[in-house]
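Visitor: Put together the whole structure using the sequences plus the hints.
Protein chains in written order, with the numbering used here: chain A, 1 to 139; chain B, 1001 to 1139.
Treat the hints as calculated values from the structure; they're not laboratory data.
Take these hints with a grain of salt, some might be off.
Calculated pairs, BS3-like style, for lysine-lysine (alpha carbon to alpha carbon, straight line, at most 30 angstroms) [what the hints assert, rightly or not]:
(1) K1100/B - K1124/B
(2) K1054/B - K138/A
(3) K100/A - K54/A
(4) K1054/B - K1124/B
(5) K1054/B - K1100/B
(6) K1138/B - K1100/B
(7) K124/A - K54/A
(8) K138/A - K100/A
(9) K1138/B - K54/A
(10) K1138/B - K1124/B
(11) K100/A - K124/A
(12) K1138/B - K1054/B
(13) K100/A - K1100/B
(14) K1124/B - K54/A
(15) K138/A - K124/A
(16) K1054/B - K54/A
(17) K1054/B - K124/A
Which chain B residues stay away from chain A? Per the calculated CB distances, all over 10 angstroms, these [stated by the list, open to error]:
(18) V1003
(19) E1008
(20) S1012
(21) R1038
(22) D1040
(23) T1041
(24) S1042
(25) F1049
(26) I1098
(27) P1102
(28) E1109
(29) D1113
(30) L1115
(31) E1119
Listed next, the stretches of chain A that the computed footprint assigns to chain B, with coverage defined by at least 3 CB atoms under 8 angstroms from CB atoms of chain B [said to hold, decoys possible]:
(32) 16-22
(33) 26-35
(34) 54-67
(35) 70-81
Beta carbons are placed, not taken as given, at the ideal position from N, Cα and C, and that holds for glycine.
Protein chains: 2
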Amino acid sequence: MDVRESFEHIMSEQPNMALATMTSDGVPDVRVVNFCWRADTSCVYFSTFPDNDKVREIEANPHVAFTTVPATGNAHVRAKGICRRSTFTVGEIAEDFISKVPAYQGTVERFGDQLVLFEIEFHKASVTIDLAHSGTLKL
Amino acid sequence: MDVRESFEHIMSEQPNMALATMTSDGVPDVRVVNFCWRADTSCVYFSTFPDNDKVREIEANPHVAFTTVPATGNAHVRAKGICRRSTFTVGEIAEDFISKVPAYQGTVERFGDQLVLFEIEFHKASVTIDLAHSGTLKL
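Guide: Here it is in structure tokens:
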């Protein structure tokens, strides 16, 4: 499997990423969140309630980094990017989440009108296939 | 299970954390690494080869954040701290890693003399037990 194929596979299979943000103190913070990736926009998406530290940190400083979190093995994608509120709604992208995280169906039904959607635009990704194979992908 | 018990359980059971660092560009970066925690020092430990971006970032700016990565469920520990080379060697702390990550035995045997050990000192942790139960722990 080449780097692009591995990227597509990881981004469509792994449900979680660790999202690193900057705090107002100039130190990093990090959380694990569900994500989905859309090939048509080349963006990563995640949803969140609007009133929390993560949102405040992103709105004050949009520079973020993420790494996908493999359930087993070592395959993962890492990138740095710019994070902003998406022009998509949570409802418009729900199917992409639900295909990876079936429990997200219930989240959308219960909280969909409260959640806000963020997107991360990135143009370069580090793709680790296994301990011996990795590469950089331009997007 | 109370917050301290949950903290001890998560830190002794979960093998991986997402480690957020600062780059020289002032933006965050993040990787998933194995870790262990020692109650006697109240520090988190991770090993790494000495010549990589992660080490350079930490040595230029020791402010880091981490979140443990649950294999299933939502239980995790998050904290911010100061990261530095440990006075312990990888060999001195290998048993703590191997108890969580059996494959680390082979890593130590093959690369133990090349790896360097880092520790994160932190004095406050956010402990999430499940979606309804969480708390802050002072250490």
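Visitor: Evaluate each hint against the coordinates.
Guide: Hints versus structure:
1. K1100/B - K1124/B: Holds: K1100/B and K1124/B sit about 23 angstroms apart, inside 30 angstroms.
2. K1054/B - K138/A: holds (22 angstroms)
3. K100/A - K54/A: Cα-Cα ~23 angstroms, so holds.
4. K1054/B - K1124/B: holds (23 angstroms)
5. K1054/B - K1100/B: Cα-Cα ~23 angstroms, so holds.
6. K1138/B - K1100/B: holds (24 angstroms)
7. K124/A - K54/A: OK: K124/A and K54/A at ~23 angstroms, within 30 angstroms.
8. K138/A - K100/A: holds (24 angstroms)
9. K1138/B - K54/A: holds (22 angstroms)
10. K1138/B - K1124/B: It holds: about 5 angstroms lies between the C-alpha atoms, which stays within 30 angstroms.
11. K100/A - K124/A: Within the cut-off at roughly 23 angstroms; holds.
12. K1138/B - K1054/B: holds (27 angstroms)
13. K100/A - K1100/B: Holds. K100/A to K1100/B sits at ~28 angstroms (cutoff 30 angstroms).
14. K1124/B - K54/A: holds (18 angstroms)
15. K138/A - K124/A: holds (5 angstroms)
16. K1054/B - K54/A: Between K1054/B and K54/A the Cα gap is close to 23 angstroms, so the pair holds against 30 angstroms.
17. K1054/B - K124/A: Status holds; Cα separation ~18 angstroms.
18. V1003: holds (18 angstroms)
19. E1008: holds (20 angstroms)
20. S1012: At roughly 19 angstroms from the nearest Cβ of chain A, S1012/B sits farther out than 10 angstroms, so the non-interface label holds.
21. R1038: At roughly 21 angstroms from the nearest Cβ of chain A, R1038/B sits farther out than 10 angstroms, so the non-interface label holds.
22. D1040: holds (26 angstroms)
23. T1041: holds (22 angstroms)
24. S1042: holds (19 angstroms)
25. F1049: Check passes; 12 angstroms lies beyond 10 angstroms.
26. I1098: Holds, since 18 angstroms exceeds 10 angstroms.
27. P1102: For P1102/B, whose nearest Cβ neighbour in chain A is about 14 angstroms away, the distance exceeds 10 angstroms, so it holds.
28. E1109: holds (16 angstroms)
29. D1113: Given a closest Cβ separation of 19 angstroms, the condition holds.
30. L1115: Correct as stated: the minimum Cβ-Cβ distance to chain A is 14 angstroms, above 10 angstroms.
31. E1119: holds (17 angstroms)
32. 16-22: Check passed, 6 qualifying residues.
33. 26-35: holds (count 7)
34. 54-67: It holds, with 5 qualifying residues against the three required.
35. 70-81: holds (count 5)
The structure meets every hint from the earlier list without exception.
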